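Okay, here's what each chain looks like letter by letter:
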Amino acid sequence: MRKPELFLYRLIVRLHPAAFREEFGREMLLDFEESLTHEGAARIFFDALLSVVRQWARCAVSGGADRTCEAQASLLAGQYAPLRDQPLNVLELSRGLMASLMLVGLCGYWLSHGASRIRSFDIVYAASQGGRIPEGGAAGQTSGGSSVSGPAERRFTQFDVISIRENKNGNVHLSFPMSPDDYYVPTHGYMQIAGLPLLSYIQFAYRMNALQVVALRKQLPDWANSVRYDVEARVEGDPNKDDMRTMMRALLASRFGLQLHPVTQTDSVYDLVLSKPGKLGPTLHAHPADDPNCKQGTAPVAKGFFSPCGTIGFSMQDPNTRSVKMAGRSISLSQFTWYASTESGRTVLDKTGLAGKYDFTLEFAPQKVGGGPDPNASEPPPGAIFPDAVQEQMGLKLVPGKGPITTYNLDHVDKPTEN
Amino acid sequence: MRHDTAEHLPLSPATLHVLLALTAGELHGYAIMVEVTRQSGGQYRIGPGTLYDNLKKLLNAGLVEELDAPGDGRTRRKYRLTELGNGVLAAEVERLSGVLREARRALKLSERRS
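Sequences listed follow chains A and B, in order. The numbering of the first sequence is our numbering, which starts it at 483 and goes up by one. The numbering of the second sequence is our numbering, which starts it at 170 and goes up by one.
It cannot be assumed that every hint is accurate.
[Unchecked claim] So the derived label-pair ranges between C-beta atoms look like this: (1) B:A175 with A:R508: 34 to 42 angstroms; (2) A:T888 with B:R281: 57 to 65 angstroms; (3) B:T244 with A:R492: 18 to 26 angstroms; (4) B:G210 with A:V696: 22 to 30 angstroms; (5) A:G883 with B:L236: 51 to 59 angstroms; (6) A:L511 with B:L236: 14 to 22 angstroms.
[Unchecked claim] Counterexamples of contact, computed for chain A against chain B with all Cβ distances above 10 angstroms: (7) P486; (8) A542; (9) R689; (10) L698; (11) T728; (12) L762; (13) Q799; (14) S805; (15) G838; (16) E874; (17) I887; (18) T889; (19) K897.
[What the hints assert, rightly or not] Which chain B residues stay away from chain A? Per the calculated CB distances, all over 10 angstroms, these: (20) L189; (21) E252; (22) N255; (23) G256; (24) A260; (25) E261; (26) V262; (27) E263; (28) V268; (29) A272; (30) A275; (31) K277; (32) R282.
No wet-lab data here; the hints were simulated from the structure. Small disclaimer: the values here were computed from a predicted structure and weren't measured. Think of the CB as a built atom: it goes at the ideal place given N, C-alpha and C, for glycine as much as any other residue.
Bound-form chain A, shown alone (with noise of 0.2 angstroms):
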């Protein structure tokens, strides 16, 4: 958490009617602190101003009928000095107002010259702690929505409290995405994932990609991929994305009995290269180093749906074109290869040697998972199939070749233990 981002806004929380802060201002707080792992502060910020303007608006027009604008103790008066039981004056308006535009203009400043200009954010945050000033003056930064933190980082192996029960509803409800890729949202270590069959909490823990679930459907029984959990638990702490899935391998193991193991062969594969070399295609671009979009993970990297940087985001298929838009926003190649190995049908190797993170729009016909043209498919598709697509688009090309493949054997697993 940034210091001087959470310290503004619990000024700005505290700006509002006594009432109102002490019902939601801790949730406000809490909340500010997750969205600002992929939200702009200037967005919530001004969110938050606007709020305080309703909330005092809101008391001056009922004219003290709202229970939130009762006498209590209020920065606008005085922190310790209680307001009287009457509408606000014009005196406590005007004084309201003027905090108000003050923190307007102390957050403008700020983002407009930078955090990293205003070091005394830092150091009196920091002296007002009695801690160390931070180096560089930067608190704590989180990217792909894992936490960068120091060397004394807690491991977590397994959860604390663990809750399955079979879904009777039908409603599916995901705490956070479960996507492959880095893009998370922190629960502080809640977990709660509903209306699931076992296999996709198994593709969850283990990463699969989608060649390698095919392969492990055709082993599991029935009810693996027929009856739906809901699955609830919880550990103390702050784990990461990474981290979830460790422990989901843990509950696995210990609640369905699951027993894995890896299988490494040689079989067809593609690598994908680029196909002319030195020379990316036109929609495929090297991210920014300094993207200002890539914390606030709002701007969209094709007009029309939404991909948060470290994630790759789909569109809905056109009907007439029967054509899918793909957008991935600071990604690594080789994060790629795990969507390509979908779309694809096999396995695609990374070999383009190219570092680093990437921007990229993919537009093309899919076909279905494991390669080839769908048989439910009256015609074959108009747009382009995904390996031209990525030639065209993307100036990259899917070479066949021979290559270590590896899918998972299952050796156990069982219908979870009672609760």
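Based on these hints, arrange chain B on the given structure of chain A.
Leaving out everything else, chain B in the frame of chain A:
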């Protein structure tokens, strides 16, 4: 019940999205924000200020209720739709469907004329 739901309509976009998000189950504030983003495909996002302003109104109107929390000071407060909230959401969706039908009809007429 019909009369009760009608008096809450029409809903503002933020209110509609919050109610819609709560159809996913019992959610805390941040989960509601994430659900709103997910359901709208990232096209509509709300911040904590907007969220709790709307939750306050919805709690007062009885469309949403707060779950009993352990009161340990650490557990997030969770919210869920009430029966009335479900009814209001259904009525709003029905109202919007009518608006859409009318809009489509008007657009078709406009195309025929031009």
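Structure-based check of each hint:
1. B:A175 with A:R508: 34 to 42 angstroms: Given range 34 to 42 angstroms: holds, Cβ gap about 35 angstroms.
2. A:T888 with B:R281: 57 to 65 angstroms: 60 angstroms, holds
3. B:T244 with A:R492: 18 to 26 angstroms: 21 angstroms, holds
4. B:G210 with A:V696: 22 to 30 angstroms: About 28 angstroms separates the Cβ atoms of G210 (chain B) and V696 (chain A), which means 22 to 30 angstroms holds.
5. A:G883 with B:L236: 51 to 59 angstroms: 56 angstroms, holds
6. A:L511 with B:L236: 14 to 22 angstroms: Taking Cβ atoms as reference, L511 (chain A) and L236 (chain B) lie about 20 angstroms apart, which means the hint holds.
7. P486: Fine: 18 angstroms to the nearest Cβ keeps P486 (chain A) off the interface.
8. A542: The assertion about A542 (chain A) holds, with a minimum of 15 angstroms to chain B.
9. R689: 21 angstroms, holds
10. L698: 27 angstroms, holds
11. T728: It holds; T728 (chain A) is separated from chain B by about 23 angstroms at its closest Cβ, greater than 10 angstroms.
12. L762: 26 angstroms, holds
13. Q799: 14 angstroms, holds
14. S805: Check passes; 18 angstroms lies beyond 10 angstroms.
15. G838: 25 angstroms, holds
16. E874: 27 angstroms, holds
17. I887: Its Cβ never comes within 10 angstroms of chain B, the nearest being 34 angstroms, so this holds.
18. T889: Label holds. Min Cβ-Cβ 32 angstroms, cutoff 10 angstroms.
19. K897: 24 angstroms, holds
20. L189: The assertion about L189 (chain B) holds, with a minimum of 14 angstroms to chain A.
21. E252: The claim stands: E252 (chain B) keeps its Cβ more than 10 angstroms from every Cβ of chain A (closest is about 16 angstroms).
22. N255: Given that every Cβ of chain A is farther than 10 angstroms from that of N255 (chain B), nearest at about 14 angstroms, it holds.
23. G256: Holds: least Cβ distance 19 angstroms, greater than 10 angstroms.
24. A260: 22 angstroms, holds
25. E261: Holds, since 21 angstroms exceeds 10 angstroms.
26. V262: Non-interface label on V262 (chain B) holds, nearest chain A Cβ at 18 angstroms vs cutoff 10 angstroms.
27. E263: E263 (chain B) is indeed farther than 10 angstroms from all Cβ atoms of chain A, at 22 angstroms.
28. V268: It holds; V268 (chain B) is separated from chain A by about 23 angstroms at its closest Cβ, greater than 10 angstroms.
29. A272: 20 angstroms, holds
30. A275: It holds; A275 (chain B) is separated from chain A by about 23 angstroms at its closest Cβ, greater than 10 angstroms.
31. K277: Nearest chain A Cβ is 19 angstroms from K277 (chain B), so the label holds.
32. R282: 26 angstroms, holds
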